[in-house]
Every structure is written in C-alpha cells, then in structure tokens.
Amino acid sequence: MTLQDLLDRILGRQPASATTARERLQLVLAHDRSDLSPEQLDQMRREIFEVVAKYVDVDLEEGDVTLETEDRVTALVANLPIRRSMASSKPGG
Amino acid sequence: MTISRTILICSGKGGVGKTTLTANLGIALSRQGARTVVLDADFGLRNLDLLLGLENRIVYTAQEVLAETCRLDQALVKHKQEPNLALLPAGNPRMLEWLKPEDMQAIVGMLSERFDYVLIDCPAGIEDGFKNAAAAAKEAIVITTPEVSAVRDADRVIGLLNTRGVTPVQLVLNRVRPRMMANQEMLAVDDVTDILALPLLGLVLEDEQVIVSTNRGEPLTLNGSASPAARAYTNIARRLQGEDVPLMDPAREGRTGLRAKVRRMMQTKIF
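As given, the protein sequences belong to chains A and B, one line each in that order. With our numbering applied, the first sequence corresponds to residues 52 to 144, in that order. With our numbering applied, the second sequence corresponds to residues -4 to 266, in that order.
Keep in mind that the hints were calculated from the coordinates and are not lab data. From the three backbone atoms N, C-alpha and C, an ideal C-beta is built for every residue, glycine too. Hints may contain errors.
Covered stretches of chain B (chain A as the covering partner; in silico rule of three or more C-beta atoms under 8 angstroms from a C-beta of chain A) [claimed, not checked]:
id	stretch
1	172 to 181
2	228 to 238
Chain A is nowhere near these chain B residues, computed Cβ spacing over 12 angstroms in every case [unchecked claim]:
id	residue
3	D111
4	G120
5	M243
The following block holds chain A by itself, in its conformation from the complex:
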C-alpha cells in the first residue's frame, strides 16, 4: 500500500485508474491464458469443493479457487480452510 492508496481509502476516493486497469487485466489474462470461461471456472470450483469435502470439512464460505498469473505462468490456486479432519467420523474408515 502506498501513501496515495491510504489517502484514497480515508477519503473514500476511487483508486487511480491505472491500478484498476492492472487488476482487470491480470484477471482477464488468467482466463484467456487458461482458455476457461468464467462459467467453466465456476463449475470446476464447485467440483473441487465437492471432492475436497469428501475428505475434510472445508469452510466453503472462506474457501476460494482462483487463477493467478505471473510471468506468463498461470496457476490454479485453491485456498480451502479446513475446519477439522473427517477421518474419525468417516464411516468404515
């Protein structure tokens, strides 16, 4: 965060448009590069949640699956906070 960002936040001003441009670009390029539409990403996100939820109790409210991109390398980043292991309660497990 820069002094300018802090001042903008205090005064409730919009951030400079270059910042907005950079953030929007990074998002759209992550999608372009992975060739996934937002709908497909949503579908994948739901399926990942379902699979993980079979093994551990994840906090779906806090969890997120996003595409991040740096130096032309795009990564799928899943951040899924675990409430507790379900191993003990798994039937027959």
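With the hints as your guide, set chain B onto chain A.
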C-alpha cells in the same frame, strides 16, 4: 556474409502502430547501413506503401514473383532517398486468397538472400492473415499501447508466437503519455512488461509529428527529425543492431517541480 534476420512486427489489435513502426524502423535500419526490405503482409488492407510515400510506384507484388510472371527485382520498390530500403507488397487487395504459409516462406527465403533485415508488417487479428505472416518469422517485435484492450490482444499474440517457437520476442510500448503515467492514470511501463513478460525494446511517446509524417508519406526517421518519436524509432533500430542504448524514463519526463515531488512521495510504499 552476414546472416539475414526475419522479424515479424505484430500486435493483435489494429491501430496501435505496427505499420508506422515498420516504416520508421525500415528507414532507420537503412540509414544505419543495413540492407532492409519491408514486406507488407497485410495485403487486404495494405498501407505500408502509403506511409513510405511509395503508393504510386507499385507495379508488381510477391504474388507475381511466385507465379514467375516477373523477377524479384522488378517487384521490389526501391525507396528514392534511402537506396538501402525496398518495399514488397505481399499481394494485391483484389486477390485475397492466394497467400499460404508456404508462399510466405518461399518469398522470405528469396528476400533473405539479398537483405540483412526482412521486416514483415503483420495484419491485425490472430486468424489466417496472422498465421501466414508469421509462417516465415524467426523473431518478432510485439507493439502495444498502455491500454487494457491492446495489452490483452498482445498477450494472445505472444502466446501464439511462443507455441510457434519464434524467438526472441521483444516489446515496443507505443503512445506513452508521461504525464498520465505520472498521475497513475495510465498503465505504467513496468505494469505492461510484467504482465506480458517480454524484454522492452523501446518506448515511443505519443507524438503529433507521427500524424504529420504520415500525411506526407515521409517517416520521421527519414529526415533526422528530433521529435521524441523519431528518436525512439532510431534508438529501437540501434538496439536491434546490438547497440546498448539506454531506455528513456517516462516517469522523469512526466514529473518535474514540487507537485511532482509530492506525487512521488505519495507513491512510496508504506506497508
């Protein structure tokens, strides 16, 4: 014998300055003593002839050369003031469907025997026109402007060049407005180079003289103009030739005086 370099000049998005860069770079390289040919691969909407002031001198195109109805040197249009520079249109606007990637490779093969630099002015888009133009390219210059649409399209083109094994791919950032960058109302140079992950070959400031020069059909680099864009194009040519020319710093150009100092302070990272 020197090795000929075939460089594709492309952008994805139209109207960001491909043809202007090709014309100015062609002139600048010739003035620096390199035998240079500029090949207009955008034959549907060709404009390179117009920017070079050669629109009335085109008789044949690469099409006739490949069909063997004329010799290569008959089709090459020599620039009057810069004898090192020649123009070759790829085809005739009336015949849109003749050119295939193999044709492009054949014509570039012939050109590279005679010239040190073959600069290919690529059409906008990423469809057949791009694929044909890129077929013979060994290296590429991607030109873009600091705008979201241009950067996005450049990214698509870079992806395609990477899968084709074109290397090196270098970046030219065009229409830079230092004042807007200083005010954080335009993507910074680092933003664009970080996002596209390409080495920066040059920065060209927004410059009204570019329009004046296209009106006349005399590229800025032709008459040793001292305008910012002319210097930028000449420096790009020198860097291509391997010379170490430092890049201009738009932040410095945009920031002078007390207000600038305050603005710079406001951009210091605090946490």
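Against the structure, test the hints numbered earlier, and report the numbers of the ones violated in rising order. The structure conflicts with hint 2 only, although it agrees with all the remaining ones.
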